[in-house]
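Okay, so the sequence shown: first residue is 3 according to the numbering used here, each after it adds one.
If you are wondering where the hints come from, they were derived from the structure by calculation, not from laboratory data. Glycine is no exception: its CB is placed at the ideal position from the N, C-alpha and C atoms. A couple of the hints might just be wrong.
Here are the computed lysine-lysine pairs in the BS3-like style, where the Cα-Cα straight-line distance is at most 30 angstroms [unchecked claim]:
| id | residue 1 | residue 2 |
| --- | --- | --- |
| 1 | K50 | K17 |
| 2 | K50 | K34 |
| 3 | K70 | K50 |
| 4 | K17 | K63 |
| 5 | K34 | K17 |
| 6 | K68 | K17 |
| 7 | K70 | K17 |
Estimated spans, in silico, between C-beta atoms of each pair [stated by the list, open to error]:
| id | residue 1 | residue 2 | range |
| --- | --- | --- | --- |
| 8 | D6 | L69 | 14 to 22 angstroms |
| 9 | G33 | P72 | 22 to 30 angstroms |
| 10 | I67 | G33 | 35 to 43 angstroms |
| 11 | R5 | L69 | 25 to 33 angstroms |
| 12 | I11 | K34 | 53 to 61 angstroms |
| 13 | K68 | G33 | 43 to 51 angstroms |
| 14 | P32 | V54 | 40 to 48 angstroms |
| 15 | G33 | L69 | 19 to 27 angstroms |
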Amino acid sequence: MTRDWNEVIWTNEAKLELGERLGHRMIRSPGKEFLSKTIQPTFKSGHKSIMVWRCIAHGMKGPLIKLKFPPATMSEKG
């Protein structure tokens, strides 16, 4: 089967991240380091993300489009 690649559009999206790595950090009270019930999760807001989309085709590049994230929920924030 022969294809005319001049009629094909390729697309891709990417998530770019800046700042600290995502993950959970835990702080334990002094003297209670080994008691799991004393763990207090913390959240730092220094992390930034951007999601973009673009397409290419024979002899052309589409615009770079910034995609919007849905609002984060408390469980997603940590």
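What hint numbers does the structure not satisfy?
2, 5, 8, 9, 10 and 15
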